[in-house]
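Chemist: Just so you know, the sequences run in chain order D and Z.
If you count the first sequence from 1, position 9 lands on 9 in the numbering used here, and the numbers rise without skipping.
If you count the second sequence from 1, position 347 lands on 347 in the numbering used here, and the numbers rise without skipping.
Quick caveat, the hints were computed from the structure, so don't treat them as lab data.
Please note that a few of the clues may not be correct.
[Stated by the list, open to error] Subject to a maximum C-alpha distance of 25 Å in a straight line, what follows is the list of computed BS3-like cross-link-like pairs (lysine-lysine):
{"hint": "1", "chain 1": "D", "residue 1": "K81", "chain 2": "Z", "residue 2": "K373"}
{"hint": "2", "chain 1": "Z", "residue 1": "K373", "chain 2": "D", "residue 2": "K85"}
{"hint": "3", "chain 1": "D", "residue 1": "K287", "chain 2": "D", "residue 2": "K152"}
{"hint": "4", "chain 1": "Z", "residue 1": "K385", "chain 2": "Z", "residue 2": "K229"}
{"hint": "5", "chain 1": "Z", "residue 1": "K373", "chain 2": "Z", "residue 2": "K385"}
{"hint": "6", "chain 1": "Z", "residue 1": "K3", "chain 2": "D", "residue 2": "K152"}
{"hint": "7", "chain 1": "Z", "residue 1": "K431", "chain 2": "Z", "residue 2": "K229"}
{"hint": "8", "chain 1": "Z", "residue 1": "K366", "chain 2": "Z", "residue 2": "K3"}
{"hint": "9", "chain 1": "Z", "residue 1": "K385", "chain 2": "Z", "residue 2": "K366"}
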Amino acid sequence: MSVTVTINGQSVSVPDGATLLEACRSEEIDTPTLCYLENLTPVNACRVCVVEVEGSRTLVPACSRPAEEGMVVQTETDRVKHSRKMVLEFLASSVDLSTADSTLSGWMETYGADPSRYGTPAPPTEDRDHRHAGHHVAASGAETETVAQPAKIDNGLYMRDYSKCILCYKCVEACGEDAQNTFAIAVAGRGFDARISTEFDVGLTDSACVFCGNCIGVCPTGALMFRSEYELRQAGVWNEDEQNVTRTVCSYCGVGCNLELHTQDNRIVKVTSPMDHSVTDGHLCIKGRFGYEYVQNLDDDLATTPVDIVLRVARNS
Amino acid sequence: MNKVATEAERGAVDGLLDSLPAGWDGNPLDGRLAFSGLHRSQQLRHLLLPALDAVQSEIGWVSPGALDYICSTLIVPPAEAYGVATFYALISTTPLAPIVVHVCDDICCRDRGAVEIIGALRTVFGEPRSAEGPATWMTSPCLGQCDRAPAVFIQRAGQDDLVIAPANPASVLAVVDGLIQPMTVSTASTTLLGRPGGESLEAYQQGGGYVALAVAASQGPDRTIAEIKASNLRGRGGAAFPAGIKWEAVAGIASDCKYVICNADESEPGTFKDRDLMESNPYALVEAMTIAGFATGATRGYIYIRGEYPLATARLRSAIREAYAAGLIGSDVGGHGFAFDLELRRGQGAYICGEETALMNSIEGKRGEPRNKPPFPTVSGLFGKPTVINNVETLVNVIDIIEQGGETWAQVGTADSTGPKLFCLSGAVAKPGVYEVAFGATLRDLLDLAGGATGDIQAILLGGAAGSFVTDDQLDIPLTFEGSRAAGVSLGSGVIMVFDTSTDMTDVARRLAQFFRDESCGQCVPCRVGTARIEENLARKLNGHGDLDLQLIDDIDIAMKDASICGLGHTAATAVRSLIDLGLI
Chain D
1 MSVTVTINGQ SVSVPDGATL LEACRSEEID TPTLCYLENL TPVNACRVCV
51 VEVEGSRTLV PACSRPAEEG MVVQTETDRV KHSRKMVLEF LASSVDLSTA
101 DSTLSGWMET YGADPSRYGT PAPPTEDRDH RHAGHHVAAS GAETETVAQP
151 AKIDNGLYMR DYSKCILCYK CVEACGEDAQ NTFAIAVAGR GFDARISTEF
201 DVGLTDSACV FCGNCIGVCP TGALMFRSEY ELRQAGVWNE DEQNVTRTVC
251 SYCGVGCNLE LHTQDNRIVK VTSPMDHSVT DGHLCIKGRF GYEYVQNLDD
301 DLATTPVDIV LRVARNS
Chain Z
1 MNKVATEAER GAVDGLLDSL PAGWDGNPLD GRLAFSGLHR SQQLRHLLLP
51 ALDAVQSEIG WVSPGALDYI CSTLIVPPAE AYGVATFYAL ISTTPLAPIV
101 VHVCDDICCR DRGAVEIIGA LRTVFGEPRS AEGPATWMTS PCLGQCDRAP
151 AVFIQRAGQD DLVIAPANPA SVLAVVDGLI QPMTVSTAST TLLGRPGGES
201 LEAYQQGGGY VALAVAASQG PDRTIAEIKA SNLRGRGGAA FPAGIKWEAV
251 AGIASDCKYV ICNADESEPG TFKDRDLMES NPYALVEAMT IAGFATGATR
301 GYIYIRGEYP LATARLRSAI REAYAAGLIG SDVGGHGFAF DLELRRGQGA
351 YICGEETALM NSIEGKRGEP RNKPPFPTVS GLFGKPTVIN NVETLVNVID
401 IIEQGGETWA QVGTADSTGP KLFCLSGAVA KPGVYEVAFG ATLRDLLDLA
451 GGATGDIQAI LLGGAAGSFV TDDQLDIPLT FEGSRAAGVS LGSGVIMVFD
501 TSTDMTDVAR RLAQFFRDES CGQCVPCRVG TARIEENLAR KLNGHGDLDL
551 QLIDDIDIAM KDASICGLGH TAATAVRSLI DLGLI
C-alpha cells in the first residue's frame with residue numbers, strides 16, 4: 001500500500017504510514033530536524049521541520065505527521081522559512097550551540113537566523129535546577145535569558161553541560177522506552193525553566209543511571225559528552241580532522257554489537273555504534289560504550305602525547 | 001539525601017489509596033476489572049498526581065522520601081515522578097512553611113489591592129517561598145475570583161485550602177493567624193447559574209433535576225445526540241467547536257472503553273463563570289456528565305477541576321458522593337440500564353492543563369504537555385481511547401437542550417450562536433460578576449448590565465489573556481461567535497475586563513507576557529523561548545532599557561502562531577499585539 005502526496009508541486013508516492021519527513025527526504029528536499037532521530041519516537045518538540053499542509057490552519061511537523069492520500073505540502077513558502085528561522089534564532093539566542101553538528105550552522109545560514117537581534121545574553125546562573133514552576137523571576141529587560149549554567153561533572157565516564165541543551169527529549173527517550181528502559185532522567189520544571197533532570201537533581205552516581213551512554217549517542221548538541229572528549233576539548237587538543245573511525249565488533253558478549261572506535265593519536269577517545277546497525281540501532285551498553293580502557297594502558301605508556309596526558313588526568317580525577 | 005518517608009508522608013499516600021473504591025488497583029480504564037493485561041505500573045501511574053496532591057496537602061511539600069514512597073507504591077520511576085511534581089505550581093519539592101498564601105497579582109487584582117497585600121505579607125513573613133516560620137507567601141496567576149478582587153488562595157498543610165476574596169492585608173493576616181474563617185459568597189443570580197436546588201441532591205431533584213436524564217434515557221443515545229446537534233451548541237471554553245459533532249464522533253466508534261471529561265480547569269485570566277456554575281449547582285454538572293456518558297457510550301467520566309477552587313471542589317465531591325448514594329451514577333444509573341462512573345481530579349496549578357490533551361496527560365499521571373493533533377481526542381483521547389471533552393458551561397447547557405428539545409433551545413440567541421452565554425465582567429465596572437445573556441447582546445449591553453465602567457475606559461480585554469483588547473469605540477460589537485470573528489476578536493472564555501485610564505497598559509502587557517512565560521509547558525521551542533522573549537521586550541520598555549522591537553514582536557507572534565504545538569503558543573502574543581495595534585503601549 002502506498003499513498004501519494006504533492007510536495008512543492010511534485011507528486012510523491014510513499015509507503016502507507018510514512019511521514020511527511022520521509023516523503024520529503026525521499027525527494028531529497030532538505031528538511032532540517034533537531035529532535036528527530038530515526039531510532040527514536042518523534043516528539044515533534046523542536047518545530048524546525050514544520051511544513052505547510054493545505055487545509056491546515058497552522059504549520060505541521062513533518063517528522064511526525066503521517067502522509068495522507070492527496071495531501072498538498074509546501075516546504076519552501078515564506079511561512080515555513082519564517083518559522084524555521086525563528087526556531088533556530090530562539091535556540092541560538094538561548095543555548096550554546098558551539099559543539100552542535102555543523103549542519104545546524106548551515107541551516108542558520110540558509111534561513112538567515114540572526115540571534116544577535118535579541119540583545120545581550122545573560123551570564124550563567126546556578127539556580128536553574130531549583131526553579132519553581134510558575135514562579136520565574138520577572139525579566140528585567142536589560143539582558144536576554146539563556147540556559148547558561150555550570151557543567152555537571154559527577155563521574156569519570158561522561159559529563160553533562162546543559163548550557164548546550166536544546167531540550168529535544170532525545171536523551172530522555174533513549175534512557176526510557178525507546179532504548180534503555182532505565183528512566184534515570186526526565187524533563188523537570190516548566191516553560192523556559194524546563195530542564196533534563198534526575199530526581200531532585202541528584203548526581204548520576206546516585207541515580208538510576210546505568211552508564212550505557214545511549215543519551216550521549218543521541219545528543220545533537222554535545223551537551224552530553226564522553227569525559228575524554230570533554231577534557232580533550234578543554235585542553236584544546238580535540239581534533240576531529242586527525243581522528244580515525246574504526247568499525248569492529250564488541251568482544252564482551254555474544255550479541256555482536258558493532259562499535260565505531262574514534263581514535264586520535266592512536267588512542268580511543270570516543271565510542272559510537274552505527275545508527276543503521278540491525279543489532280544496536282546505535283545503542284550500546286556500558287561495556288561496549290566505555291569498557292575500552294584495557295586496550296590502552298595509559299599508566300605504562302612511556303610515550304606521553306598531549307592526548308595521553310589529558311586522558312590519564314581525566315581518568316584519575 | 002534522606003530518602004525515607006516519614007510515617008505522616010506514608011499515611012498521606014496510603015490514605016489516598018485506601019479511599020479509592022474497590023477495584024481501584026485494577027485497570028484504570030475500568031475500575032471494575034482487576035486484571036486487564038496491563039502491567040501493574042501502567043495501572044497505577046494515573047494516581048501519581050492525586051498522590052502528590054495528598055502529600056502536598058497533608059505535609060506541605062513533597063520530600064525526597066515522600067516521592068520515593070510514592071514511586072515505590074505506584075511503580076513510577078523517580079526521575080519521571082520528579083518531572084511531574086516540578087511541572088505543577090502547587091506542588092513544592094522544597095520545604096515550605098505550613099501555610100502558603102498565594103496572592104493573585106494578575107492583571108485584575110494588581111490594581112485592586114494585591115500590591116498592598118504583598119507588602120503586608122513581606123513585612124510580616126519576609127521574602128516569598130520561605131521554609132521558616134508559621135507561614136509564607138508567593139504571587140499567583142489569576143485565581144478566578146476577579147469579580148471580588150483582590151483574591152488570595154491559601155494552602156494549609158493538614159487542613160483544607162481556602163480562598164479569601166475580596167481580601168485585604170488585615171483579613172489575610174487574620175486568616176493566617178487562624179483568627180477568622182473566610183466568608184465565601186456565591187454571586188449566582190441568573191438562569192444557568194440560578195438553577196434551583198444547588199444545596200442538596202434532594203432539592204435539585206425537587207426543582208426539576210434529573211428530568212433531563214430521564215428524557216435522554218427514554219429517547220435513547222441517537223436521539224439525544226440528534227438534539228444536541230439540532231441545538232447547534234458550541235463549546236464555551238474558547239474553541240467554539242460544535243458539541244454535537246464531538247459526541248457523535250465518539251458515539252460512532254466501537255471501543256471497549258470510552259471517556260467523557262469535563263474541563264473544569266478554568267484558568268484563563270479573567271474567567272470565573274465555571275467556578276460560579278460549580279459552586280452554585282454542582283448537581284447539574286454531574287447530571288450533564290451522566291447524559292454525555294449515556295449518549296456517547298462512555299462508561300467513565302472525569303471532572304478535572306483547577307486546584308485553586310476549594311469550594312467548588314468540595315461541592316462537587318459532595319454532589320458526586322450523593323449521586324452515587326442515590327444510584328444516579330454507578331453500575332445501573334437511575335435504573336436506566338447503563339453504567340457510568342464519575343471521578344473528580346484536581347489540577348495542581350498549571351494553566352496549560354486547560355488544553356484538552358495536556359489535561360488528559362495530566363490525568364494519566366504525566367507532565368501536562370499537550371499532544372500533537374491529529375489524532376484528536378474523539379479518536380484517541382484519555383488513555384488512548386475515544387474521549388469527549390467539554391467545558392463546564394457547555395455541559396450544563398445540555399440539560400436545558402434535552403428538556404426543551406434542541407430546536408426550541410436554539411431559538412434563543414442568533415442563528416450561528418445559539419443559547420445563553422455567560423460573561424465574566426471584571427475590572428473597572430460598577431458591579432463585577434458573571435452575567436448571563438442570550439447570544440446577540442453587544443459589549444455595550446454587557447457593560448450596562450454590570451453598571452457601566454467606573455472611570456474613563458482605556459481598554460477592554462475580551463476573551464482573556466489569550467484574547468485581545470478593544471477600545472470604547474467598539475462597544476457595539478455583538479458578542480456572538482460570528483460577530484466577534486467579524487470584528488477580529490475572540491469571545492474566548494467570556495472575559496470582559498475593563499481598564500480605566502489610571503492603568504499603565506505597558507505594565508498590563510508585561511504581566512500578561514509574564515503569565516505566558518510562566519505557564520508555557522516548555523515542550524516546543526517557539527512557545528518556550530518566544531514567551532520569554534516577548535516578556536523581555538516589554539520589560540525592556542517598562543524598565544527604561546529601550547523601546548519595543550515591534551519587528552521582533554511581530555516575528556515572534558507569527559512563529560508562535562504557526563509553529564507552536566498548542567493554543568497557548570498560538571495565542572500567547574495576541575493580547576500584546578492588540579495593545580500595540582491600538583497604540584496603547
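Chemist: Could you run down the list of hints and mark each one as holding or not?
Modeler: A quick look at each hint next to the structure:
1. At roughly 22 Å between alpha-carbon atoms, K81 of chain D and K373 of chain Z fall within 25 Å of each other, so this suggested pair holds.
2. Only pairs whose Cα atoms come within 25 Å are accepted, and K373 of chain Z paired with K85 of chain D is accepted, the gap being roughly 23 Å.
3. A threshold of 25 Å between alpha carbons decides the hint, and for K287 of chain D with K152 of chain D the separation of about 23 Å falls inside it, so the pair holds.
4. A C-alpha spacing of about 23 Å is found between K385 of chain Z and K229 of chain Z, which places the hinted pair at or below 25 Å, so the restraint holds.
5. The suggested pairing of K373 of chain Z with K385 of chain Z holds, with an alpha-carbon distance near 14 Å, which does not exceed 25 Å.
6. A threshold of 25 Å between alpha carbons decides the hint, and for K3 of chain Z with K152 of chain D the separation of about 22 Å falls inside it, so the pair holds.
7. Restraint check for K431 of chain Z and K229 of chain Z: the C-alpha separation of about 35 Å exceeds 25 Å, so the hint is violated.
8. Distance hint between K366 of chain Z and K3 of chain Z is fulfilled; the C-alpha atoms sit about 22 Å from each other, no more than 25 Å.
9. A distance of roughly 16 Å separates the Cα atoms of K385 of chain Z and K366 of chain Z; the hinted pair therefore holds under the 25 Å criterion.
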